[in-house]
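S.K.: Residue numbers (our numbering), protein chains in the order written: chain F, 1 to 116; chain X, 1 to 116.
For the record, the hints were derived by calculation from the structure and aren't laboratory data.
One or more hints might be untrue.
Copies of the same chain look alike in the list, so a pair counts if it works inside one copy or between any two.
[As the list claims (entries may be wrong)] In silico lysine-lysine, DSS-like type, Cα no more than 27 Å apart, as pairs:
1) K77 with K4
2) K4 with K81
3) K77 with K116
4) K77 with K15
5) K116 with K15
6) K4 with K15
2 protein chains.
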Amino acid sequence: MIIKNIQDVAAQPVKMDGARDVTIRVLIGPQDNAPTFAMRLFELAPGGHTPFHDHNFEHEVIVLDGEIAVLTTYGPKPLQKNDVLLIDANEQHQFKNLSVTAPARFICLVPIDYQK
Amino acid sequence: MIIKNIQDVAAQPVKMDGARDVTIRVLIGPQDNAPTFAMRLFELAPGGHTPFHDHNFEHEVIVLDGEIAVLTTYGPKPLQKNDVLLIDANEQHQFKNLSVTAPARFICLVPIDYQK
Numbered sequence: 001m002i003i004k005n006i007q008d009v010a011a012q013p014v015k016m017d018g019a020r021d022v023t024i025r026v027l028i029g030p031q032d033n034a035p036t037f038a039m040r041l042f043e044l045a046p047g048g049h050t051p052f053h054d055h056n057f058e059h060e061v062i063v064l065d066g067e068i069a070v071l072t073t074y075g076p077k078p079l080q081k082n083d084v085l086l087i088d089a090n091e092q093h094q095f096k097n098l099s100v101t102a103p104a105r106f107i108c109l110v111p112i113d114y115q116k
Numbered sequence: 001m002i003i004k005n006i007q008d009v010a011a012q013p014v015k016m017d018g019a020r021d022v023t024i025r026v027l028i029g030p031q032d033n034a035p036t037f038a039m040r041l042f043e044l045a046p047g048g049h050t051p052f053h054d055h056n057f058e059h060e061v062i063v064l065d066g067e068i069a070v071l072t073t074y075g076p077k078p079l080q081k082n083d084v085l086l087i088d089a090n091e092q093h094q095f096k097n098l099s100v101t102a103p104a105r106f107i108c109l110v111p112i113d114y115q116k
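Modelling step: build the complete structure from the supplied sequences, incorporating the hints.
M.R.: Spelled out as structure tokens, the structure:
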């Protein structure tokens, strides 16, 4: 059994094109020999966002805190704490922090092969 | 894309032998056609606990709130908010709410085949 706090895992900047002021912590992943899926924490600084992008695997997300919107081809949708999302493979999406003063955080899980 | 709040999903009592005052909400699972893994919310009433048990698949857990301890063959270990756990397949474990007044909650993910 592996136990750690999210503060024990170093935050790394997300360097993808289109990302701004966002970090990732791979909380549980290949480094732990997780066999099926990986748990990551994303933190968006005020105004920060992930890229508007898609990929051939799904996301499962839970919003921890902050004023986050998810953008899709249908437009933006504001989220609230404890919202959960299933983003299908090949579905375009982006997460934005709508606040100009406070950070925002969400957990995002992916199949393990895509975290390696 | 599926978006819902954890309050939108009905809590079901966990009826396994050895469980006491614990409910499960399958937040994202087979009902959503999740392809790889399922996200569930467990709520422990004061003094509530899951069974001391094991199974042939892993758990990934994040503690949301409350005074939870995880018990293993090595004894109990208190957890705190935002602790994350990887419980390996075939590893015995139990979650207990140590509080006699307040509920406690954690998210627990499993490979999708084991939620069906």
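S.K.: The structure should be examined with respect to each hint, and the outcome stated for every one.
M.R.: Going down the list of hints, with the structure as the test:
{"no.": "1", "hint": "K77 with K4", "result": "between (32 Å within a copy, 12 Å between copies)"}
{"no.": "2", "hint": "K4 with K81", "result": "both (23 Å within a copy, 11 Å between copies)"}
{"no.": "3", "hint": "K77 with K116", "result": "neither (30 Å within a copy, 30 Å between copies)"}
{"no.": "4", "hint": "K77 with K15", "result": "within (24 Å within a copy, 37 Å between copies)"}
{"no.": "5", "hint": "K116 with K15", "result": "within (16 Å within a copy, 37 Å between copies)"}
{"no.": "6", "hint": "K4 with K15", "result": "within (25 Å within a copy, 29 Å between copies)"}
Going down the numbered hints, you'll see the structure goes against just number 3.
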